[in-house]
Amino acid sequence: MTFEDWIFAVHLLFAATLVGSLVMSWIVIFSLRTADTSRDTLSLNRVAMVATGATIVGLVGTISLGIWLAILRVDFHPWDGWVIAAIILWSIATTALVRSFREYAKPVRVARTLMASSQAGASAELSALNRTSKGLLLRAVGSAAVVLIVIDMIWKPGA
Amino acid sequence: MLAAIRPDNQSFALLLHLVGATVVFGALLASATSLLLARGETRLLRLGYFSLLLVGLPGLILMRLAGEWLYRMQNWNKLPPQFAEPSWLKIGFDVADWGGVLLLLALALGGVGIHRLRNGKGGTVLLKATMVISLILVVAYVVAVWAMTGKPS
Numbered sequence: 038m039t040f041e042d043w044i045f046a047v048h049l050l051f052a053a054t055l056v057g058s059l060v061m062s063w064i065v066i067f068s069l070r071t072a073d074t075s076r077d078t079l080s081l082n083r084v085a086m087v088a089t090g091a092t093i094v095g096l097v098g099t100i101s102l103g104i105w106l107a108i109l110r111v112d113f114h115p116w117d118g119w120v121i122a123a124i125i126l127w128s129i130a131t132t133a134l135v136r137s138f139r140e141y142a143k144p145v146r147v148a149r150t151l152m153a154s155s156q157a158g159a160s161a162e163l164s165a166l167n168r169t170s171k172g173l174l175l176r177a178v179g180s181a182a183v184v185l186i187v188i189d190m191i192w193k194p195g196a
Numbered sequence: 822m823l824a825a826i827r828p829d830n831q832s833f834a835l836l837l838h839l840v841g842a843t844v845v846f847g848a849l850l851a852s853a854t855s856l857l858l859a860r861g862e863t864r865l866l867r868l869g870y871f872s873l874l875l876v877g878l879p880g881l882i883l884m885r886l887a888g889e890w891l892y893r894m895q896n897w898n899k900l901p902p903q904f905a906e907p908s909w910l911k912i913g914f915d916v917a918d919w920g921g922v923l924l925l926l927a928l929a930l931g932g933v934g935i936h937r938l939r940n941g942k943g944g945t946v947l948l949k950a951t952m953v954i955s956l957i958l959v960v961a962y963v964v965a966v967w968a969m970t971g972k973p974s
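Quick mapping for you: the protein sequence lines, in order, are chains C and L.
First residue of the first sequence? That's 38 in the numbering used here, and the numbers climb one at a time after it.
First residue of the second sequence? That's 822 in the numbering used here, and the numbers climb one at a time after it.
Worth flagging that the hints you see were computed from the coordinates, not collected in a lab.
Being a predicted model, the structure only gives us computed values, none of them experimental.
It cannot be assumed that every hint is accurate.
Which chain C residues face chain L? A few, computed with CB under 7 Å, are given here [as the list claims (entries may be wrong)]:
#1 Met38
#2 Ala46
#3 Arg83
#4 Trp192
Simulated restraints, written as ranges between beta carbons of each label pair [to be verified]:
#5 L:Asp915 <-> C:Lys171: 28 to 34 Å
#6 L:Glu889 <-> C:Leu185: 23 to 29 Å
#7 C:Trp105 <-> L:Ser832: 20 to 26 Å
Every residue, glycine too, gets a C-beta built ideally from N, C-alpha and C.
Next up, chain C with everything else stripped away, as it sits in the complex (with noise of 0.2 Å):
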């Protein structure tokens, strides 16, 4: 293997982290809509922090390596149009992914402060934001923009 097959070979396992990773998110998410009670919202917030980490990971590794494929590959330049639409569509999906873990970290401060003050049963409140239509909508734009992002490396329309 080449130092540039060494390059791709991370650059998709990469890819598989950020998608894997937004497919156990949604598992959490999923599984989110029906906590209620503060010991549920922070148990499953354990296993969505993992999901969080790895969907960084993923977004900044490809972006960093797909970019340098783009610079040492002859067959490819950064300007592109299926590259450009690429870096366009990352953009989209982490400004998205980012808001979304922004709205999902509101019940997770909630029951930390109702856990604080023992109250450890149902919550109106919890549910609700648990099942924040916001945060699902900007997790389904952030995970569409990364399918496309998929596509569009499969196709590479205009190469």
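Please build the complex by placing chain L on the supplied structure of chain C, with the hints as guidance.
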């Protein structure tokens, strides 16, 4: 470059293969993490098991079928006997097939574990076995992604 050397009619099969692979990878990550961080909590133990059953298993089936479709489209099944299949392809098949057997074993053990948990007869040890198998499979999938993308041979 890959798009330039791969006929366009194979792109959809590749997309399905990648979607299946990342779905099963994500489900394995979710399962292993939930079971690892459960600390005996039923909700996370159930999440760990059911993410493997309801997300991981369909992902594995999609990945394997789309992989087989690609294999036939690229005529690897018509390779003359004097030529050996490249090692990256063997690694991919081994991880998909033996990994599939391990996933079914993890599901069987976890299924008994969940049943025992529901009846208040423990079951966490069996779910820990599911977690260990999930972690092994995560490592195996990382090796498969490296082999199938870097194509070392």
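How the hints compare with the structure:
no.	hint	result
1	Met38	5 Å, holds
2	Ala46	4 Å, holds
3	Arg83	5 Å, holds
4	Trp192	6 Å, holds
5	L:Asp915 <-> C:Lys171: 28 to 34 Å	44 Å, violated
6	L:Glu889 <-> C:Leu185: 23 to 29 Å	26 Å, holds
7	C:Trp105 <-> L:Ser832: 20 to 26 Å	24 Å, holds
Of the numbered hints given earlier, the model fails hint 5 alone.
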